[in-house]
Amino acid sequence: ACAGGSDSENTSEEPTEETEGTEGSEGTASEGAEGGDLILAVLSDASSLDPAGSNDVPSSVVQANIYETLVNRDENNEIVPGLAESWEQVDDTTWSFKLREGVKFHDGEEFNAEVVKMNLDRILDPAVASPRLFLFEMITNVEVVSDYEVNITTEYPFAPLLAHLSHNGGGMVSPASIEADYEALNGGADPGSVISENPVGTGFFKFESWNPGSEIKLVKNEDYWGEEGAKVDSVTFRVVPDSQVRAADLETGNVHIIDPVQPNEVERINNSGVASVNQKASSSLAYLGFNTEKAPFDDPLVRQAISKAIDREAIISGIYDNYGIPAIGPLAPGIFGYTEDIDAIEYNMDEAKALLEEAGMADGFETTLWTNDNPQRQAIAVLVQEALAELNITVEIEVMEFGTYLEQTAAGQHDMFILGWSNPTGDADYGMYALFHSSQKGNPGNRSFYENPEVDELLDQGRRETDPAAREAIYAEVAQLLTDDAPMAFLLHTEYLTGISDNVQGFDIGTDGIYQLRDVTINE
Amino acid sequence: MSKDNVLEVRNLQTSFSTDKGEVRAVDGVSFDVPKGKTIGIVGESGSGKSITSLSILRLLAENGKIKGGEIRYKGEDLTKVSEKRMRELRGNEISMIFQEPMTSLNPVYTVGQQISEALISHQGMNKKQAMVRSVELLKLVGIPSPEKRVKAYPFELSGGMRQRVMIAMSLACDPEILIADEPTTALDVTIQAQILELIKDLQERLGMSVIFITHDLGVVAETCDYVAVMYAGQVVEYSDIRTLFKQPKHPYSIGLLNSLPRHDIDQEKLMPIKGNVPSPHEMPTGCRFAPRCPAATDLCRAKMPELMTDDSGNQIRCWIYSDEWPGEKEVNVYGETRIAKG
Amino acid sequence: MTKYIIRRLLQTIPVLIGVTILVFSLMHLVPGDAAKIIAGEGASDQTVENIRERLGLNDPLYVQYGTFVGNAVQGDLGSSIRSGRPVMDEIGARFWVTFELAFYSTIVAVFLGLIAGIISAVRHYTLTDVTVMIIALFGLSMPNFWFGLLLIQWFAIGNWMPESLEFLKMRPSGWGDDWRQVVLPVLTLGTGGAAIIARMTRSSMLEVIGQDYIRTARAKGLTERIVVYRHALKNALIPVVTVVGLEFGGFLGGAVLTETIFAINGMGRLTIDAIRTRDFPMVQGTVLVISVLFVVVNLLVDVSYRYLNKRIDLN
Amino acid sequence: MAKQELLKVEGLKQYFPIKGGFLGRTVNHVKAVDDISFTIYEGETVSIVGESGCGKSTTGRSILRLEEPTEGKVEFQGVDLATISKRQMRDYRKDLQIIFQDPYASINPRQTVASVLNEAMEIQNVLPANKRRARIEELLETVGLLPYQADRFPHEFSGGQRQRIGIARALSVDPKLIICDEAVSALDVSIQAQVLNLLEDLQEQYNLTYLFISHDLGVVRHISDRIIVMYLGKIVEIADKHSLFENPQHPYTKALLSAIPVPDPDKKKERIVLKGDVPSPIDPPAGCRFHTRCPFATDKCRTEEPKLRTSDLMKEGHEAACHYMEEISAGAMQPNY
Amino acid sequence: MSEETVNHPVTAKKVNPQLESFKQFWRRLAKNRAALIGGIMILFFVIMAFLGPWIISTFTDWEPNKTSVANKLQGPSAEHWFGTDSFGRDIFTRIVFGMKLTLYVGFLSVFVGGIVGVILGIVSGYYGGKVDTIIMRLMDVLLAFPGILLALAIVAVLGGSLTNVIIAVGIFSVPAFARIVRGSTLSVKKLEYIDAVRALGASDFRIIFKHILPNVMSPIIVQASLRIATAILTGAGLAFLGLGAQPPAPEWGAMLNEGRQYMYEAGHVALFPGLMIVVVVLAFNIFGDGVRDALDPKMKK
Ligand SMILES: Nc1ncnc2c1ncn2[C@@H]1O[C@H](COP(=O)(O)OP(=O)(O)OP(=O)(O)O)[C@@H](O)[C@H]1O
Ligand SMILES: Nc1ncnc2c1ncn2[C@@H]1O[C@H](COP(=O)(O)OP(=O)(O)OP(=O)(O)O)[C@@H](O)[C@H]1O
Ligand SMILES: [Mg+2]
Ligand SMILES: [Mg+2]
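Same order as they appear, the protein sequences are chains A, B, C, D and E. In the numbering used here, each residue's number is its place in the first sequence (first place is 1) plus 869. In the numbering used here, each residue's number is its place in the second sequence (first place is 1) plus 83. In the numbering used here, each residue's number is its place in the third sequence (first place is 1) plus 230. In the numbering used here, each residue's number is its place in the fourth sequence (first place is 1) plus 36. In the numbering used here, each residue's number is its place in the fifth sequence (first place is 1) plus 2.
Okay, chain A solo, but in the shape it has when bound (with noise of 0.2 Å):
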């Protein structure tokens, strides 16, 4: 999943990743009354409200607040109870989960056993085509042991299996919902056509009404099984496409909350005197990829000067306002098999010119940079550009539409690129395994084309142990390995920030930029 820069303009379009997540921070003393309208500004409309039928940030965010997912994953990005009230692993490929009891679909009908093996069958189901469905395709088989307990199989030793059922791709769609579904798709209509229009799950918000390209509207669960349902009466995604629109519209109470904000906004949000700003980590990568098989990006030198060569710190402090970290490797902090304990490397412009000149590269050459038209990574390439001339390297850069970008970058046909990656499910192996294994060369997600048989080795390690441990040992090494390697030069982890009324109390977004709406309460 390519994190598409949540701060971008035109996201809309972009792929990123996303999970779940409705446990999250506990009802902080809601001092505000319940009821009421909460409006949320966003950037761009969800694509489809079928778990299975999409795989973007604007369509979880809608469905994490509609479906509910097996496990899900605390603020501290540990594996919690969902609609599974336990679970074990069997053996190495087998896990066993107890269902909890009494959950209703918001149609009345039951949450068992059957509809996990059904909701699991039909995200594999060819004829669906799910765009999620490479979260799940290890599972070979979805086993009903009883009413209340189903048996999961994979195919080879998943560790990182829980984390991906957390993912609200893992959303439990009502089982009347599937069937009406598959009746549509038979007739000949688009698989999960059904379900998006009417999306029914066992959350504490419905669905009431959508107006595509515009807003979609939910409401309260009155009926939620768990003890705290949502405080407010309903919940409105509007589509607001323009930042300074959004921020307007919440200066002017029109909203109360926004999301994104720019960084360059966030002062005159903060002084606006009704609203502010939230300032949270996000777990996407933005990093600077190298075609590894074209020279002269063939030569590790060449990628560690050129890495040397971008001060993080000027990026993220120009552009976007210090809301950001810099990045050392391809995880952020608190994702699982995260490490500082790496030789990172550093902004050295000297040390940057003596390895280009080892490399026999002291003269420069010229090349090409490309990026999608996202103002922040086209503001990247244009410093990268200022500084790779003072190693010589003259670089011209090459904007592209998202569709032509993804498609060539695929292919191949680049020298260096802007890209992000998102980890919704906060698991190393989703941030790393895809990027840099060489079995997912082009469009999966490697698009450095980067091959190293000893770092494949080590991920295919790290998907089969099953100790925590062990895992993150693993990951540590290979975090070292791909600094040696600089298959691509890691730039910053960038900061959700989300302009937020003084009405609104006890709203928080989570690494993975879903939003948690069930303990807001608006005070108007």
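Hints were generated in silico from the structure; no laboratory data involved. The beta-carbon is built from N, C-alpha and C at its ideal position, and this holds for glycine as well.
A partial selection of chain E residues facing chain A, derived with a Cβ cut-off under 7 Å: (1) Thr69; (2) Val71; (3) Ala158; (4) Gly162; (5) Gly244; (6) Gln248; (7) Pro249; (8) Pro250; (9) Gln263; (10) Met265; (11) Tyr266.
Mimicking DSS-like on lysine-lysine, the simulated pairs with C-alpha atoms at most 30 Å apart in a straight line are: (12) D:Lys304 - B:Lys118; (13) D:Lys55 - E:Lys132; (14) D:Lys55 - D:Lys122; (15) C:Lys233 - B:Lys231; (16) D:Lys167 - E:Lys212; (17) D:Lys212 - D:Lys130; (18) D:Lys343 - D:Lys109; (19) B:Lys357 - D:Lys212; (20) B:Lys231 - C:Lys464; (21) D:Lys44 - E:Lys192; (22) E:Lys132 - E:Lys212; (23) E:Lys68 - E:Lys102.
A few chain C positions that, by computed beta-carbon distances, are all more than 12 Å from chain A: (24) Gln241; (25) Pro290; (26) Phe341; (27) Leu344; (28) Ile345; (29) Ile349; (30) Thr361; (31) Ile364; (32) Glu393; (33) Trp409; (34) Ser433; (35) Leu530; (36) Tyr535; (37) Arg536.
Please arrange chains B, C, D and E with the ligands on chain A, whose structure you already have, making use of the hints.
The following block gives chains B, C, D and E with the ligands in isolation, referenced to the frame of chain A:
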């Protein structure tokens, strides 16, 4: 002002301001329009015929201006009266038919609406009365089934019919004077014959005066009582019709008649007038016809002759007929002999 | 008349076929694979292949085109690749927004443009005329996205507005639930159109005033008022109507920038987003709908010619 | 001296399609020229007269293949111009030239007189390039212009002078036949006479043949040897000029002659005023095309088309297309106005 | 028999007629004050496009692409006349350097569209019939296709670059030229001098290029100068949507787009490029109007 003239034009001067300076399009035009008579104005293209008629109605283009002279209509000098008064006269007492029947009618209104307008504004009729009268007028000008045609748009009519509509329009308020500026030039001969008959007939019946502008001497011969011959913005000869055709005096008039190919008699060789009409920007200083005139003398080239009235009341602008004539007594102009006065 | 309209409608068929071929081939020339976009990152080749098969993307192009046209004729424009919803529904949700925007903007443009144009023509070559025309030229030369931004800065963000005028603040974005949202985008689009209409009206009026039939009208002794407003204006309006029609058509398809600036959820933005996400059916659908509208508007213009000027022979 | 046939037109038809309907199908035709035949002999002047739209110009243009004739033969010195290829036709164009009505529109305003004439010679490869200049100046003198005017632009000339340039252009390729399509109609009488005289002189000098198209019967009488009267795409009468003016046979010719005003106030003659307008050539009346306006029309005229024929009343070579020529001149039929 | 031309003295005063007609055009143009102003402005912009960057790089140390994050978003001052942008680059310098790009887009796209459009228009008008029908239906298609979306789609196909923007805007201008030229061709074709040269046996090629083309030039020139204005606007619009010039090129539309993010705290960033677009487009519009008046025979007064 003699009693039976409804209109007397005296030394009219009209000029236009253009890129290249001022252009005197009309420079010394005088003629009388006797009551109930038809006077013709002939002359070559660009000689100022249309500008003369537009000056009378004060309908010149924006860059045009009457610079001098008088236009006396029933005692009023039209060059001096207010615009409001002018509007009262236009279309009511003096009306006009234009050369181009195709473009002179407004394409977006029915002929009935266009005829009615003058009636409503001058005669205070209401729409209904005006329509009824319009039908009568169409009938008067010989349009078949006028009740139907009154609702027609101009494009639905042929050229001849449109010209009839124009005539009906100009007759709407029983004008004293009808100015017809080349009303048949755009039409075919057989249609022209229809229209000429119609105008003659109407004049006899309604007794109005007509100013008939044309460059076709045949038309003049058939329709007019008096003729003003214009050359380069001036009237060079004004006389009754028979005198002009039988005993033309001005060399230009003689030349004009000579150079006319005729279908009723055989001519061996045409006798053209040499040279070209002078451009309005470079008018000769003396007589404007002098550069082309076979009888021109130094006097002609140096000094412009005045318009002189002879015993029979005809007018002529030529030195030959003045006391100052320096040349021979018998002047040969295009093979015809004229007796000079001096 | 009915016959004429039917014939004209039939004549638009080749044009629409051309438009569909053009948009179809353009979309298939664009690099970027719809199936991959749907499949998302990390999808296996098999998944992509499944999707390609499902969408019929493996058929030869002419078959795909045939299917598209065949369905379109029955009013089925297929389903959006991005949302899976029928394209007709997606368009339906935005159509009226764009239509209203275009409609109000046209009204503003016609109203301002006609007044300015007539004043200018009647007072031609005076100071008034020059002033009005300079303003119009300015309006014409102003990129409307920039003008829109200025308006937002003034009236919505308000950071250039003196505090005493704060009551003038407008809602900056969206469309519909508050009349104050409508004002700025309509002004943005409408003023540019007004400039064009003003110039057209002026030159058309001046041209008409030089016509023979105006002289005829004056020769009838009519007052200048009647001459100008009854005889000249109606004729002068004919070319103006064409411009108005084109403007309206242009507003329908070309409000992209205005829609972007004011965050209006209209057809223009829908199309741009669709182009960007390689949502072929959506692009084809929107372009087809906009083109049909454009063609229909042109037809209406021609019919109104007939009303204004009976001379124009529709056959 | 036997008259030499130069141009023979046989059964010439020129229909212009009227487009309409779905996808611009041809829905009807303007029958501008509908089956006409005549012959022109070397050195003579033949005129075509008739009202506007009767097909005079079209006839001229079809002969030159400026429009491709719909049907019929145009034999020039025995060669059918209507069937040869376009390329071959280009060679024949040297012999057939045309002078147009509008002195303003008939010369490219962006060319000097010299380049107009030079181009003509260049296209037909008349002279080697280095000799052309001399020829141009000679031509200008021939038509009464001065050699130094060669480098001027058309707008610096008066209408009459421009018409002379047009004549010079036609002469520059040494043609045999010149079609004069209303060549003097736009000129003022005093200038018109100059040009008519010039045309006559040139004819003598170069043994030219003219096909003279005009609606002005005065001009026609002056210049022609023979006259063709057309009405609505058909020839209604053809005769040498004296027979035609003194002894017109077709009721249309008679009306036409009587309709022309004579510049002589003493000749107040009886005028035949025709009713109505010329019908449209799209759906011309059946039978005799003139019957809708003819004061003598009978049922036969409405159904049966009269052929061109001669009769005892007429001199040799005089033909008219009327069923009732004899009856009318005998006074056996009364006009019905 | 030649006698009548007596008005002219025989002393041949040779004039260069080609020059004369140009002079006449120039005189009329010069009389139109607005056109003159527009022309002078355009001239000034062209000079600025070529000399401006040179002057700036020779006499100052300003650079269009030199970032200085510390100086970002400063308002206009003596040091930075138009202020600085979000990278701390001097906006005035960027505008001067961007002039060339703007004119480049304007001129070149109109050139491309003009050539294609003129050829299609002449062929269509001259040959008529099926050729005409086909070409004109094609133009209808292009016209019915919403303009900016067409450009957008073309840029999407070809990829974003200034050249592709030029192609897109060029294609977008084709129908306007084709229609106008076709119309003029139809009327010029009817003129008798075309028949005259045809009667002389001239080839179609000669007729089209020697006789028709020069005589439809005036509407082409007018259309071209007005189209340049439109092209600049369209190009800027595309840049505003993020298509076109590649960063850090100082294309004005792109600068405007960048500035849009900072409207609240630094309005000048979007103001100056926008203002410059208005001024340049205005110059072309004024000039085009003036040329039209100067070329229109009806406006002789
Ligand atoms: N608006 C104008 N501006 C400048 N000159 C003009 C204007 N109107 C007419 N003229 C000039 O005035 C002169 C007389 O024109 P007028 O129309 O009276 O000629 P005319 O005798 O009616 O000719 P025609 O027989 O061609 O109608 C011409 O030289 C003409 O060029
Ligand atoms: N290219 C054309 N397409 C269609 N109709 C045409 C064409 N050329 C001529 N016509 C029609 O053919 C008929 C004869 O036209 P033509 O020009 O030969 O008449 P004419 O006798 O020369 O008339 P005029 O005296 O007005 O010049 C007219 O009805 C005219 O409208
Ligand atoms: Mg006149
Ligand atoms: Mg003709």
